[in-house]
Structures are given as C-alpha cells and as structure tokens.
Amino acid sequence: MKLHRPTRRTFLKTGTAAATLMGFGPALLRQAAAQEADLAPYKSAKIDWQQATGETITVAVIPASYFENLITLAPQFKTLTGIDVRFEKIPPAQIRQKSVIDLTSKTGTYATHAADPMYYALYAANKWVEPLDTYLKDPKLTDPAWFNFDDIIPAWRSADSVGGKLYGVPYDGEVTIQVYRKDLYDAKGLKPANTLEAYMANAAALNSPNDRVWGAALRGVAGAGQNMYIYPSIFREFGGEWLKGGKLTVNGPEAEAALAWYIDLMRKYAPTAAANWNWPDIADAFSQGTVASYIDAHSSASVVNNPEKSKVIGKVAYARWPKGPSGKRVTSIWNWGFPINSALPEKRKKATWLFIQWAASAETQARTAHRFAGPAKRSGVNRSSIWRDPEYVKLMNGFGDNFVEATMEALQSDTDVDWRPRVPQWPAIGDTMATAIQSALSGQATIKVALDDAQRRIEPMMRG
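According to our numbering, the sequence shown is numbered sequentially starting from 1.
Hints in this document: simulated from the structure, not taken from any laboratory. Bear in mind the structure is a predicted one, so any value in this text is a computation, not a measurement. Virtual Cβ for every residue (Gly too), placed ideally from N, Cα, C. Some clues are possibly wrong.
[To be verified] Below, computed lysine to any residue pairings styled on SDA-like, alpha-carbon distance capped at 25 Å: (1) K137 x I101; (2) K78 x E36; (3) K127 x D138; (4) K347 x I101.
[Stated by the list, open to error] Quick list of simulated restraints, FRET-style, between CB atoms: (5) P139 x G163: 49 to 59 Å; (6) N278 x A201: 19 to 29 Å; (7) K127 x G443: 13 to 23 Å; (8) G239 x P41: 11 to 21 Å; (9) S326 x T53: 32 to 42 Å; (10) T53 x N397: 39 to 49 Å; (11) K127 x Q412: 41 to 51 Å; (12) P144 x S342: 44 to 54 Å; (13) P41 x N397: 45 to 55 Å; (14) N278 x S342: 44 to 54 Å; (15) Q51 x P253: 49 to 59 Å; (16) N397 x G239: 42 to 52 Å.
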C-alpha cells in the first residue's frame with residue numbers, strides 16, 4: 001500500500017520512527033494510509049498546512065452541539081497542521097464578557113473565539129482583532145480556489161464585516177423564520193402569514209387557552225440577544241431607521257408602532273410566562289403542543305423535532321418572516337464567527353488563520369453536519385453549496401414542510417445587515433433597549449415613555 005510521500009518522509013525522519021513502523025508492520029501502514037486518505041481533501045489546497053507547526057492556540061466556544069462536532073474533529077487538524085488546539089467552553093451569557101476582557105488586556109489568552117457579530121464594530125474601533133482580508137489574499141496562507149470564500153453565506157459575511165473590511169469568518173449561523181403547526185392551521189383553513197397583520201389574525205384564530213393552546217409566542221426575556229433579537233426585525237419592518245441624520249434614534253412613530261404590535265401579540269395570544277421566555281422555552285412549549293406558532297431562529301427546528309421529547313413531529317411547517325407595513329421582511333442574520341486576536345505573535349496569528357480556514361472550509365462544514373458520525377446534525381452550515389447538496393437537503397427536509405426553502409429564501413432575500421445598530425456602543429445600547437421593551441411589556445411604562453427614556457439613556461453613550 002503506497003503512502004503519500006511527504007507524510008512518509010515526515011514519519012521516517014528518525015531511525016526510531018523507522019523501527020517503530022517496521023515493528024508494527026501492515027497494521028500501522030493501513031492506519032497511516034487511512035489517515036492520509038482522510039486528510040486528502042485538505043491537502044489538495046495549495047498551501048503549506050505545516051507552516052505553523054508546534055504552535056498552541058486556545059479557542060473559546062459555547063457549549064453547543066455545532067461546536068462539539070468541531071471539537072470531535074480537532075485531532076484531524078492537529079495531524080494536518082502540527083498545531084495544538086485547546087478549546088474552552090464558555091456559556092453564551094459569559095463568552096462576550098470574557099472575550100472583551102481578554103482583548104482589552106491584550107493577554108492573547110484566546111487566539112480566537114465564537115464572536116457575536118454585533119461586537120465587531122467595538123473590536124474594530126479598538127483594533128482588538130485583525131482585518132482578515134490580508135490573510136485571505138496571502139497565497140502562502142490561503143488557496144482561494146480551495147477555500148472558495150464567496151461560497152460562504154453572503155449575509156453572514158456582511159455581518160462579520162465593518163466598513164467593508166472582514167473581521168470574522170462565519171462558522172455557524174441562523175436566520176429567523178415562522179414555525180407553525182400545519183395541522184392546526186389546516187384545521188382552521190389558515191395559511192402561513194404573509195404580513196404581520198395576518199400573523200396576528202392567525203394567532204387570534206388559534207388562541208385557545210382553555211385547551212392549553214396559545215396562538216403565538218416571541219422572545220420576551222430582556223437581553224441584547226433576547227427580546228432585542230426579535231424586536232429589531234419588527235422595528236425595521238415598520239420602517240424604522242436606527243441612524244437618522246447620523247444620530248442613533250430608538251424612539252418615534254415607527255418604534256412605537258413596532259413595539260405596540262409586539263406587545264399586543266404577547267399580551268393577547270402568548271402564554272403569560274412568555275414574558276420571561278428565551279428561545280429554548282418557546283421551542284419546548286411548541287414541541288409540547290401548547291403554542292401554535294412562533295418566529296425565531298431556524299435552528300430551533302432541531303428542538304421541536306427531538307424524537308425523545310417532541311409531540312408535534314410530522315405536524316410542523318415553516319415560512320419566511322411576515323412583511324411589515326414597510327413592505328419589507330427582515331430576518332436576523334446571526335452567526336458565530338471566528339476573528340483573530342491582534343495581541344498574538346505573528347506565527348500564532350498564522351496558526352489561528354489556518355484553524356479558521358480549516359473550520360470554515362466546505363470539507364469541515366460537511367464533516368460536522370450531514371457527514372458527522374454522531375447524532376447531532378448541524379442546521380447552520382455556512383456554505384451555500386452545502387445547502388444545495390441533495391444529501392444535506394434531504395436531512396434538513398426531515399424537520400418539516402418548507403424548511404429548506406424558507407431558510408434559503410430568508411438568507412437570500414430577507415437579510416438586513418443593519419437589522420440592529422452596528423455601532424461600538426452596541427452592548428450598552430442593546431441592554432438599554434431590552435430593558436425598555438420589557439418595561440413596556442410588563443406595563444411598568446407606556447410604550448412612548450419606555451422608548452423616550454431609552455433614547456435619553458442612549459444619547460450620552462453615543463457622545464462618550
């Protein structure tokens with residue numbers, strides 16, 4: 001069995017290694033050949049994967065299946081590159097804060113991390129992370145034909161860019177879509193809503209608390225990534241503009257109308273507890289048959305189709321965001337991307353780029369998704385080509401009617417890179433707006449008072 005020459009030379013570079021190879025004989029040869037075949041798709045790239053061998057990098061991720069799948073494949077990356085990767089799993093609520101502390105201190109603890117796209121404006125303004133265009137254009141580091149960067153979902157690439165410069169490479173992402181009970185809709189002769197007005201009407205028609213079925217639910221818990229993950233889409237669909245004449249504006253007629261629609265839906269047709277629900281709570285309630293519809297991340301489809309818990313498998317369908325009064329549909333364009341910490345020494349930056357390129361490549365995306373040996377199959381792959389792969393499409397269509405079509409139409413037609421204000425002050429602005437939304441939802445303040453108060457609080461942040 002013939003071995004690939006570079007690997008054989010590497011393995012046989014010492015007499016001890018040669019003796020070891022001879023001692024194990026055919027079994028070791030077969031193992032080496034299998035490993036070589038496994039790495040062949042990567043070695044077809046016209047770069048030296050071993051150029052940063054000996055480096056060690058630490059990567060911060062959240063404890064989620066789509067990163068667990070990547071961690072499972074990390075030994076392949078070590079064999080390919082000679083780079084050690086240590087993963088640190090940090091809950092979503094803390095990873096942003098820990099990453100900012102590391103970047104601010106310039107300790108370089110995390111070579112890269114699962115980055116919130118809303119933080120790139122802050123990172124770029126402080127030069128905490130590297131512009132990645134130079135890495136993409138360096139033929140020693142990137143084979144453009146092999147990596148095929150343009151194959152990565154354009155909306156996610158835009159979300160990870162600031163001022164036309166790329167600061168993160170998307171690894172896993174999502175869009176928001178309608179998720180609804182097809183059987184309940186059919187029984188009432190309803191169609192998935194094409195407008196926000198129709199969505200409200202559908203919720204009213206299906207709302208039956210005495211039968212423990214509520215018409216709809218949206219995220220209610222306060223947080224920059226919770227109620228301020230959903231409300232901005234509504235705000236933009238009502239014609240809202242975050243920056244008016246260069247001034248960040250969160251109040252006014254469009255904002256009041258958007259928040260009124262959100263509160264009306266939540267108070268009339270959602271369970272009372274939904275005021276404190278995050279997306280897993282909504283998906284769990286839907287999977288138990290108590291919510292007829294919701295709008296949230298397409299990736300929640302895996303929760304509502306969990307065969308160990310769900311009671312609605314085979315009864316689920318999907319559609320795009322309903323249009324708002326502006327005539328627009330505005331989905332989130334969330335993704336976890338990987339930046340490069342500017343505090344790293346040069347060789348470690350190269351090692352980090354090789355890791356990012358490997359993780360974001362079409363080959364690794366497939367190996368962590370429909371070709372992954374474990375039970376968790378990713379629904380947030382970053383590649384347009386994979387979303388066209390018949391094997392992947394067949395797997396995703398198992399989530400219910402129109403899942404692939406709704407997701408891809410949302411990604412291609414409904415994205416708005418400015419669905420939330422992409423400014424360095426976002427963390428504080430997001431929290432301020434989240435508090436205002438919840439205060440209006442709970443009745444602690446009127447809609448106008450809540451939004452006007454948020455505007456007053458935000459203006460000093462923008463001056464500072």
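Self-check item: Cβ separation of N397 and G239, checked against the hinted range 42 to 52 Å
Solution: violated, 35 Å
Exercise. Mind checking the alpha carbons of K127 and D138 for me, to see if they're no more than 25 Å apart?
Key: holds, 20 Å
Quiz item: Taking the CB of N278 and the CB of A201, does the distance hold inside 19 to 29 Å?
Solution: Given a distance of about 26 Å, which is inside 19 to 29 Å, the answer is holds.
Exercise. Could you grab the alpha-carbon distance between K137 and I101 and see if it respects the 25 Å cut-off?
Key: The given pair, whose Cα atoms are some 30 Å apart, is violated under the 25 Å limit.
Quiz prompt | Proposed proximity, E36 with K78 (alpha carbon, max 25 Å) | solution = holds, 13 Å
Quiz prompt | Consistency of beta-carbon spacing, P41 to G239, with hint 11 to 21 Å | solution = With a Cβ separation near 47 Å, G239 and P41 fall outside 11 to 21 Å, so the hint is violated.
Quiz item: Cβ-Cβ distance between P41 and N397: within 45 to 55 Å?
Solution: violated, 26 Å
Exercise. Check the following: the C-beta atoms of K127 and Q412 are separated by a distance inside 41 to 51 Å.
Key: violated, 33 Å
Quiz item: Between S326 and T53, is the Cβ distance one that fits in 32 to 42 Å?
Solution: violated, 54 Å
Quiz item: Does the Cβ-Cβ separation between Q51 and P253 fall within 49 to 59 Å?
Solution: Given a distance of about 57 Å, which is inside 49 to 59 Å, the answer is holds.
Self-check item: 39 to 49 Å as the expected CB spacing between N397 and T53, which holds or is violated
Solution: Between T53 and N397, where Cβ atoms are some 42 Å apart, the hint holds.
Practice problem: Take a quick look at whether K347 and I101 sit within 25 Å of each other, Cα to Cα. | Solution: It holds: about 23 Å lies between the C-alpha atoms, which stays within 25 Å.
In this structure, the hints that do not hold are numbers 1, 5, 7, 8, 9, 11, 12, 13, 14, 16, in rising order.
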